[in-house]
Amino acid sequence: GAVVSQHPSRVICKSGTSVKIECRSLDFQATTMFWYRQFPKQSLMLMATSNEGSKATYEQGVEKDKFLINHASLTLSTLTVTSAHPEDSSFYICSAMSGVQETQYFGPGTRLLVL
Amino acid sequence: AQSVTQLDSHVSVSEGTPVLLRCNYSSSYSPSLFWYVQHPNKGLQLLLKYTSAATLVKGINGFEAEFKKSETSFHLTKPSAHMSDAAEYFCVVSTGTASKLTFGTGTRLQVTL
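In order, the protein sequences belong to chains A and B.
Using the working numbering, the letters of the first sequence map in sequence onto residues 1 to 115.
Using the working numbering, the letters of the second sequence map in sequence onto residues 1 to 113.
Since the hints were derived computationally from the structure, they do not count as laboratory data.
Careful: at least some of the hints might be erroneous.
If the Cβ cut is set under 8 Å, some of the chain B residues that face chain A in the computed set are [what the hints assert, rightly or not]:
#, residue
1, R22
2, S32
3, N41
4, G43
5, L44
6, T51
7, L101
8, T105
9, G106
Take a look, some chain A residues computed to stay more than 10 Å from chain B by CB distance [what the hints assert, rightly or not]:
#, residue
10, V4
11, Q29
12, G61
13, V62
14, K64
15, H85
16, E87
17, D88
18, I93
19, T103
20, Q104
21, L115
The C-beta atom is built at its ideal place from N, Cα and C for all residues, glycine as well.
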């Protein structure tokens, strides 16, 4: 149980375009989902926390207009990187947690390359 | 405030020998502690977690960790390393619920023949 998927696993896009990444909890209802960013050989940095049906809470320094997060259902959250630039290239990982759990379950990650 | 320090950025062991990955934490309240493993270009997989129950926690793949409050440590061990254990390991702390995780910088485990 507690499986989280992400789609796509890898995406390459041109500078200036927008990219949407999906995060799904496959076998549980996720009241809270998290989006992390991981630079090469570094740890995970929390970008934002989203609760189903409400606006996401962004960490300091994360541009909410650039990284749009939608958590429309209890099993799906999306991260849209708008007007992507090469510096947005990174490994994006989501996680999900249900109201009764004490554990975040992580997706397999999405590698974004902006050319 | 909470923080976690992974004392070794890189650990190399021979296959079949014991593994020790060190982690110290700092937390104002009773912490929950986790170890996650990340294989190359993959997401994180939960190895084990401590949430104020038994101080010796057994996880998957033969790993275990012991919560030592007096030493503020949560070291990860395994009696015998396997080649498939080669990966990045993250020690993680949270206070209260798992809503706010603080990650260590990671320890890369290398397993040699």
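A quick look at each hint next to the structure:
no. : hint : in the structure
1   : R22  : violated, 16 Å
2   : S32  : holds, 6 Å
3   : N41  : holds, 7 Å
4   : G43  : holds, 4 Å
5   : L44  : holds, 4 Å
6   : T51  : holds, 5 Å
7   : L101 : holds, 6 Å
8   : T105 : holds, 5 Å
9   : G106 : holds, 5 Å
10  : V4   : violated, 8 Å
11  : Q29  : holds, 16 Å
12  : G61  : holds, 16 Å
13  : V62  : holds, 15 Å
14  : K64  : holds, 18 Å
15  : H85  : holds, 22 Å
16  : E87  : holds, 20 Å
17  : D88  : holds, 18 Å
18  : I93  : violated, 6 Å
19  : T103 : violated, 6 Å
20  : Q104 : violated, 5 Å
21  : L115 : holds, 19 Å
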